[in-house]
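Novice: Spelled out from the first residue to the last, the chains are:
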Amino acid sequence: MNVVEASGLGKRYGGTWALRECTLAIPAGHVAALVGPNGAGKTTLLNLAVGLAAPSAGAVTVLGGRPAGSPAALDGIGFVAQDTPLYKNLSVADMLHVTRNLNRRFDQPYAQARLAELGIPLKRKAGKLSGGQQAQLALTLALARRPRLLVLDEPVAMLDPIARHDFMALVLTATVDDGVSVLLSSHVLTELERVADYLILLSRGRVQMAGEVDDLLASHRVLTGPAAEAGRYAERPVVHVRRGEAQAHLLVRAGPDDPVPPGWEAHPVGLEELALAYLREPGAAALPGPARGQALPLDTGEPSEVTR
Amino acid sequence: MYSDQHLRVSDAERQAVSGQLAEHFAAGRLDQAEFDDRVGRAMSAKTRGDLRELFADLSETGAPAGPELPRGDGGTQGGGPHGPGSPIEFRLDAASGVPTYLQLVHQVEHALRLGYLTLGDQLPKVRDVVASLAINPNTVLKAYKELETKGLTAGRPGQGTFIQATLSQVALPELAGLRKALLGWLVAADGAGLDEDGMVALFTSALRDFHERRSGSRTRGGAASSETEGVA
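Sequence order for the protein chains is A and B. Going by this note's numbering, the first sequence opens with residue 1, and the numbers climb by one from there. Going by this note's numbering, the second sequence opens with residue 1001, and the numbers climb by one from there.
Simulated from the structure, these hints should not be mistaken for lab results. Any given hint could turn out to be false.
To be verified - Covered by chain A, per the in silico footprint, the following chain B stretches (three or more residues, Cβ under 8 Å): (1) 1036-1047; (2) 1088-1098; (3) 1124-1135.
What the hints assert, rightly or not - Here are a few chain B residues that sit away from chain A, every Cβ distance over 10 Å (derived from the structure): (4) 1028; (5) 1106; (6) 1200.
A quick note: this is a predicted structure, and the numbers were derived from the prediction, not measured. Beta carbons are placed, not taken as given, at the ideal position from N, Cα and C, and that holds for glycine.
The task is simple: from the sequences and hints, build the whole structure.
Specialist: Below is the structure:
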């Protein structure tokens, strides 16, 4: 089952396309990270997936074909928007009460138990909680709906390191306990490597790279060698080149078995390095496996790889 | 793995849990209000899952598995008696550049070499590792699968992962011989004008070549092991 499936999805605000020709399929059972620079269309894509915005083009379904925004889709999704919106003047207990009454399904004992574990006092106003506690409260309210898919928009951007750790620990424990799939957006690349096992790279409103992190890392390497020969290396697609006077680093699409040219050294690539290289080459695309068992049109109108 | 989550609990268990909470209170881990609240919840708890939640932030190893529900070793970071938990605790070095799952594999191997882990010991439960390190559960599963492939551990359904082999140590005389050979190489490198950093760089580079050649030939020989995927 795919937790999110989009084909030709686009969203236009006035004359500007915030997202266009977005085609992807995120399989269930992953913690998927949606990565991209500011303005790449991350929030737009998430809002379309949870049904807060209507597409200008194409279509998006969730949880195995339920149209985004339909009651069936909403029942299965827990969403925490950017800046973890809460009613700041309501007490935590009242937030629980409101959320319970606004949702068809709400696991009150679960929410209360979680809040007690987190040490969040029920009587305090939501606005008086620390940033970390506000995020935890918003997450708890989302999880208490017992969703199959948890969607988080920039969940840890405003949190200090400990609060980030605790927040992600709660998210990841939910994936173990309840089998929740997670889709989260972030522009903090460093911490994603631990958390995410599926990556979607968005750039300028388009999907640039998508796939399981392990597959993406295994299919790329960095070759280091003499700069003079950098141009001659053409056996495998070169994604990104960093060149000095004498030495050059090529990020290439090549597996561990592919031959290394004589005089060159091959290194494995990390997630951050890989993502940065692609973001610096908006023309490059790597879409090795966005769809399981179905062909997808990748008509981005650009070559799938760029050789410089 | 948590099949007993919905098991109904008895008054005796509720009482025992209250005793545990009192210990945490006495140790200063709970304040008065938290303690009152939790005892109240313990008394109205219906299932083992309910009781377990009362301890989720108190004990690293979290949930007791057997019928003696409240274990209460009180250990928060690997301290205290271990009982049915694991003797080791994982840590992560974000700056090492080593993939997370490989770090876990290496730590188990290291603990085996140094005797922290022996036959029959249990590895930390996946959920506990996820909760304490905030890492993807699939990463832990991948590490445990790798250890199983290496023949070091075996999974027992519903219980966890256990050590089933030790790592053979290189005999001491052999180790001394290798060390001597390495010293000879160091002298030669020094004579050639290489400084310490240069030696490390050269050794690291050669080791990586060696490693890649070996894992490369292994991958071509058959199905790619998860180790080779990781270093690729």
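Novice: Determine for every hint whether it applies to the structure shown.
Specialist: How the hints compare with the structure:
no.: 1; hint: 1036-1047; in the structure: holds (count 3)
no.: 2; hint: 1088-1098; in the structure: holds (count 3)
no.: 3; hint: 1124-1135; in the structure: holds (count 8)
no.: 4; hint: 1028; in the structure: holds (14 Å)
no.: 5; hint: 1106; in the structure: holds (16 Å)
no.: 6; hint: 1200; in the structure: holds (16 Å)
Taken one by one, the earlier hints all hold for this structure without exception.
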